[in-house]
Amino acid sequence: MRLERRSDTPLALTLAAPVGAVALSLALAGILIAIAGAPVFEAYHRLFIGAFGSRLAITETLTRATPLILTGLAAAVAFRARLWNIGAEGQFYVGALAAAALGSEAGLQLPGYALIPALLVAAAVAGAVLLLVPLLMRLRFGVDEVVTTLLLNFVILLFVSMMIEGPLKDPLAFGWPQSVPVVADAMLPRLVARSRLHIGLPIGVGLAMLTWFVQSRTTFGLESRAAGLNPRAAAFAGVSLTRILISVACLSGGVAGLAGAIEVMGVKGYVTTDLSPSFGYTGIVVAMLAGLHPIGVIVTALFVATMFVGADGMSRALGVPSFIADVIVSLSLLTMLVALLLSNYRIRR
Amino acid sequence: MDMLHIFLSAGLWAAVLRIATPLIFGTLGALLSERAGVLHLGIEGIMTFGAMIGWLTVYHGGDLWIGLLAAAIGGGIFGLLHALLTVPLGLSQHVTGLGITLFASSLAYFIFRLSVPVSGTPPTIVAFQVLHIPVLSALPFLGEAVFSQTAPTYLAVLLALGLAYVLARTPLGLAIRIVGENPHAAEAQGLDPIAIRIGAVVAGSALMGMGGAFLTLSAFNSFFPTMVQGRGWVSIALVVFASWRPERALFGALLFALFDAYQLRLQQVVGKAVPYQLFLMIPYLMSIAALLVMARRARVPQALMQPFRRGER
Numbered sequence: 011m012r013l014e015r016r017s018d019t020p021l022a023l024t025l026a027a028p029v030g031a032v033a034l035s036l037a038l039a040g041i042l043i044a045i046a047g048a049p050v051f052e053a054y055h056r057l058f059i060g061a062f063g064s065r066l067a068i069t070e071t072l073t074r075a076t077p078l079i080l081t082g083l084a085a086a087v088a089f090r091a092r093l094w095n096i097g098a099e100g101q102f103y104v105g106a107l108a109a110a111a112l113g114s115e116a117g118l119q120l121p122g123y124a125l126i127p128a129l130l131v132a133a134a135v136a137g138a139v140l141l142l143v144p145l146l147m148r149l150r151f152g153v154d155e156v157v158t159t160l161l162l163n164f165v166i167l168l169f170v171s172m173m174i175e176g177p178l179k180d181p182l183a184f185g186w187p188q189s190v191p192v193v194a195d196a197m198l199p200r201l202v203a204r205s206r207l208h209i210g211l212p213i214g215v216g217l218a219m220l221t222w223f224v225q226s227r228t229t230f231g232l233e234s235r236a237a238g239l240n241p242r243a244a245a246f247a248g249v250s251l252t253r254i255l256i257s258v259a260c261l262s263g264g265v266a267g268l269a270g271a272i273e274v275m276g277v278k279g280y281v282t283t284d285l286s287p288s289f290g291y292t293g294i295v296v297a298m299l300a301g302l303h304p305i306g307v308i309v310t311a312l313f314v315a316t317m318f319v320g321a322d323g324m325s326r327a328l329g330v331p332s333f334i335a336d337v338i339v340s341l342s343l344l345t346m347l348v349a350l351l352l353s354n355y356r357i358r359r
Numbered sequence: 004m005d006m007l008h009i010f011l012s013a014g015l016w017a018a019v020l021r022i023a024t025p026l027i028f029g030t031l032g033a034l035l036s037e038r039a040g041v042l043h044l045g046i047e048g049i050m051t052f053g054a055m056i057g058w059l060t061v062y063h064g065g066d067l068w069i070g071l072l073a074a075a076i077g078g079g080i081f082g083l084l085h086a087l088l089t090v091p092l093g094l095s096q097h098v099t100g101l102g103i104t105l106f107a108s109s110l111a112y113f114i115f116r117l118s119v120p121v122s123g124t125p126p127t128i129v130a131f132q133v134l135h136i137p138v139l140s141a142l143p144f145l146g147e148a149v150f151s152q153t154a155p156t157y158l159a160v161l162l163a164l165g166l167a168y169v170l171a172r173t174p175l176g177l178a179i180r181i182v183g184e185n186p187h188a189a190e191a192q193g194l195d196p197i198a199i200r201i202g203a204v205v206a207g208s209a210l211m212g213m214g215g216a217f218l219t220l221s222a223f224n225s226f227f228p229t230m231v232q233g234r235g236w237v238s239i240a241l242v243v244f245a246s247w248r249p250e251r252a253l254f255g256a257l258l259f260a261l262f263d264a265y266q267l268r269l270q271q272v273v274g275k276a277v278p279y280q281l282f283l284m285i286p287y288l289m290s291i292a293a294l295l296v297m298a299r300r301a302r303v304p305q306a307l308m309q310p311f312r313r314g315e316r
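Heads up: the sequence lines are chains A and B, in that order.
Take the first sequence: its letters are residues 11 to 359, numbered as in the working numbering.
Take the second sequence: its letters are residues 4 to 316, numbered as in the working numbering.
One should not assume that every hint holds.
[Stated by the list, open to error] Counterexamples of contact, computed for chain A against chain B with all Cβ distances above 10 Å:
no., residue
1, Ala46
2, Ala116
3, Ser226
4, Ala236
5, Tyr280
[Claimed, not checked] Calculated lysine to aspartate or glutamate pairs in the DMTMM-like style (CA-CA distance at most 25 Å, straight line):
no., chain 1, residue 1, chain 2, residue 2
6, A, Lys179, A, Asp195
7, A, Lys278, A, Asp322
8, B, Lys275, B, Asp263
9, B, Lys275, A, Glu175
10, B, Lys275, A, Asp180
11, A, Lys278, A, Glu14
[To be verified] Covered stretches of chain A (chain B as the covering partner; in silico rule of three or more C-beta atoms under 8 Å from a C-beta of chain B):
no., region
12, 49-60
13, 207-216
14, 291-299
15, 343-353
No lab work stands behind these hints: they were computed from the structure.
Where is the CB? At the ideal position from N, CA and C, for every residue including glycine.
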């Protein structure tokens, strides 16, 4: 028995892979729910109600999906060019910190219409620079960027902690370690009244579509895909790998930095060290489930957000630990990898 | 106590061995797996799971050694999953490893929350006590500095020396190394590269699980989420620093632990003049520095991250 690569994968199979992977991980997580002593079908019903059962639930799920679209996009763009950016968590935090520092009373003194774009750009630059460091280490010294981006996440989180207990500490927070808040003008407009949903969602969706356009319709997109598929052939065809990787890193790190700023300016208003419930790492799952397709990222981010918001409801109603959402999401990454293999190869005897 | 006097205190050296122990276990585990050609980024999650399952076993009345064994078995099971996905199926070792880390740690948190109700103070167990060795522990200075550790620390040092011997001097070690350098040549020699790779990954993962369990069964006496704190990733960096050699891994782990133990004491000397977070960054920055220095010099196993498929070149 051996595996043989399919010359082309039918669209139905491409779409069936994530659906099958998610179904399998929900079934496996069902075993854990049963062990926790809860009725499985009711638990999943509660999860669905928790995520979509009311106007508030729906807006909360969409609010949660917003940063995941962006971190998912960051991973998808990078992985497609085989740049293993596992540092979206750190890039998220430097973006958030940039927004808080420049958007506070003492920051940029700009009117609202100019302040918001300026802060978003600053956050994207911060995220991009943070990813350029490990990329340059790879290009100059041959250091695998997986480990360096992972290690930098810890460094950045400590840096955030240092800033919000030091220069950026909010003196009015009763000693609680949080950054100074951004001014009211820097807060993103609400999309739906009486909810937390903000214009970060259309920004994320728009960026995903833009990325799809760039990847499928421009020379840069073709070159970056070629660099990922076969770096040697791409180099032989005259593609400068260094230039492509630097552009991809700016895009990937930039989008992840943007996610941090948007979370600060759209939801929290300030930075804490628990601003991200590992949005950066979860973005990797979002990207893989989407088969690294930018438009797919929108759908899979919504799925992952559904699991997290819905699991809170399930946990309150039935006492199943809400960590079940993390289990479902991480399991679906592993099942997706197998599903991708099965859809790209056929088994021959 | 000034900056240099710290080195003269036996307490520092005792702390070095204690801090190094989980790194020794983790580095040996990652090294064994990589020597056979499989990058294992599941380490961070497996250490978390080992810490949880070892602690839970003891909390439910198990012996401390049974707890350590449970962590090894738990690690081995996740290792088997990683091995099956990356070796016979040939999936991306990077992404699979990260998936294992996310899965193992979220499962650990789920099981912990299910078995232990939420409370203000985490429940504790009676951890490993210092193992007094006759004569040696009574030596002046050395007794306190080196021979006042718990049993798993001695085990870690012995395992490092044992693995160095096995890899360098035994047929089994040679088989593992050939598979990591050139699996096709190994097959031509009548070895089964797939079986050897799976075995190395499972054994390495068991070591990672034990490294995690050291945290809850010896260094601390309770389990809390995110307690592994990147020790798995530091171990992956240490493997490169050690050029994939167990004896150097032991040295590397001790060197790292020395810096860590030193910065803890230095914090007390400099007080609040320097933010404590800067000191906490040191192990991660050192790992990156070690990679920078060693990446081009270290001898990477030639078939690392290359899936082996029979009859394909």
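Of the numbered hints stated previously, which ones are contradicted by the structure, given in increasing order?
-> 1, 11, 12 and 13
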